[in-house]
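Visitor: Chain residues, written in single-letter form:
2 protein chains.
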Amino acid sequence: MPKKVDHEARRQEIADALWRIAVARGLDGVSLRDVAAEADISLGRLQHYFRTKDEMLLFAMRSVSARADERIRERIEAVAGAVAEGVLAVPPPRIVLREVLAGMLPLDERSTVGALVGAAYFARAVHDERLQAEAREGIPGLAAFLGDLLSRVHEEGGLRAEYADADPKDEAMRLISLVDGLSTYILLGVHSGETALGLLDGQLERMWTDGR
Amino acid sequence: MPKKVDHEARRQEIADALWRIAVARGLDGVSLRDVAAEADISLGRLQHYFRTKDEMLLFAMRSVSARADERIRERIEAVAGAVAEGVLAVPPPRIVLREVLAGMLPLDERSTVGALVGAAYFARAVHDERLQAEAREGIPGLAAFLGDLLSRVHEEGGLRAEYADADPKDEAMRLISLVDGLSTYILLGVHSGETALGLLDGQLERMWTDGR
Chain A
0 MPKKVDHEAR
10 RQEIADALWR
20 IAVARGLDGV
30 SLRDVAAEAD
40 ISLGRLQHYF
50 RTKDEMLLFA
60 MRSVSARADE
70 RIRERIEAVA
80 GAVAEGVLAV
90 PPPRIVLREV
100 LAGMLPLDER
110 STVGALVGAA
120 YFARAVHDER
130 LQAEAREGIP
140 GLAAFLGDLL
150 SRVHEEGGLR
160 AEYADADPKD
170 EAMRLISLVD
180 GLSTYILLGV
190 HSGETALGLL
200 DGQLERMWTD
210 GR
Chain B
0 MPKKVDHEAR
10 RQEIADALWR
20 IAVARGLDGV
30 SLRDVAAEAD
40 ISLGRLQHYF
50 RTKDEMLLFA
60 MRSVSARADE
70 RIRERIEAVA
80 GAVAEGVLAV
90 PPPRIVLREV
100 LAGMLPLDER
110 STVGALVGAA
120 YFARAVHDER
130 LQAEAREGIP
140 GLAAFLGDLL
150 SRVHEEGGLR
160 AEYADADPKD
170 EAMRLISLVD
180 GLSTYILLGV
190 HSGETALGLL
200 DGQLERMWTD
210 GR
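So the protein sequences, as listed, match chains A and B.
Taken in order, the first sequence gives residues 0 to 211; the numbers are from numbering that gives the first Met the number 0.
Taken in order, the second sequence gives residues 0 to 211; the numbers are from numbering that gives the first Met the number 0.
The set of hints was computed from the structure by calculation and includes no laboratory data.
These numbers come from a predicted model, not from an experiment.
Nothing false has been slipped in among the hints.
No copy is singled out in the list; a pair is fine if it fits within one copy or between any two copies.
Pairs of lysine to aspartate or glutamate, EDC-like flavour, derived with a Cα cap of 20 Å:
(1) K168 x E193
(2) K168 x E133
(3) K52 x E12
(4) K52 x E7
(5) K168 x E204
(6) K168 x E136
Use the sequences and the hints to build the structure in full.
Guide: Shown next as structure tokens:
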């Protein structure tokens with residue numbers, strides 16, 4: 000299906016152009032025409048792929064999520080490899096949890112691009128039902144996934160009593176919110192990525208019975 | 000000084016117009032001309048008060064902060080009144096802390112307006128050094144204030160060991176970040192204000208030695 004592949008590749012190229020603008024100056028007031036210019040195609044051609052700015056932003060945001068998933072998967076695989084080789088002795092669920100949360104922080108260029116696109120998305124989504132729907136679908140799924148990991152840590156006796164008493168999904172939602180806020184303050188230059196990661200780790204450590 | 004009062008009053012009127020647009024449809028692509036139209040004044044007159052959109056946004060954001068301070072002060076005074084009358088027996092610092100944090104959540108119309116202006120501000124500030132400076136000044140001050148409250152709770156023996164071990168400013172930064180993320184997910188419709196407040200209270204309760 001070369002045609003479909005081309006179509007997807009072109010959509011990704013356009014999303015990449017949108018990303019570059021998002022990183023360089025934000026998306027406030029950016030038009031389809033601006034993105035077409037950045038992608039070096041005509042406006043008509045761009046509109047063949049995306050009719051509206053929100054449609055384009057939705058695709059760009061999904062693309063950000065997919066790349067974040069990939070990045071987090073790489074982090075987990077690196078850790079899993081170390082466990083298999085006997086380098087690490089700590090049980091996996093809490094590590095997976097930590098890597099997913101750390102992977103959501105803008106700590107390097109790739110994740111910062113994602114966070115900047117996310118910031119632009121957020122500013123529009125608060126006024127757009129369709130864009131909000133994406134968050135309403137994605138976040139509870141993420142909370143359920145992280146909640147399951149917390150339950151597994153608990154089954155292994157690794158979760159402190161006061162954290163084990165809470166609904167795992169609620170606890171996960173608190174962690175997601177914490178990471179979201181920590182990310183905001185990285186982007187605003189209030190603290191460094193390293194500081195934010197330390198604050199996240201500080202919270203995680205006190206959740207575990209062995210404190211690490 | 001009637002002239003200065005008028006000047007400030009007019010700036011506030013313009014900021015109010017900006018707020019109304021921020022609430023109704025967001026500030027993406029909104030021009031000085033749009034705000035002038037909403038404020039029912041000429042563009043030239045508006046530019047007498049604000050030369051750029053960022054200057055206007057900075058004023059609107061400071062105005063949001065001032066109103067949030069006022070709202071939080073009201074909440075604290077209401078609680079302090081109840082303590083003085085003997086209705087409440089719980090020691091004040093933890094209550095002040097809780098009211099400040101709860102007051103940052105978009106739980107009613109006034110605080111939602113503030114959060115929506117904040118969202119628009121955030122989306123621009125990530126690309127604007129001058130707007131970022133505002134966050135870099137304000138947030139550490141807030142963290143220091145909340146950190147002092149935590150230290151006072153600790154002095155009264157109210158803070159659990161694992162929270163007392165952390166730097167109070169770090170702990171405060173975690174709470175600010177948590178509230179920031181919880182607010183984001185209220186605005187995106189992921190959870191209700193009530194749910195978010197419950198998640199905040201759940202975190203606070205486990206920080207106190209008596210668990211409430």
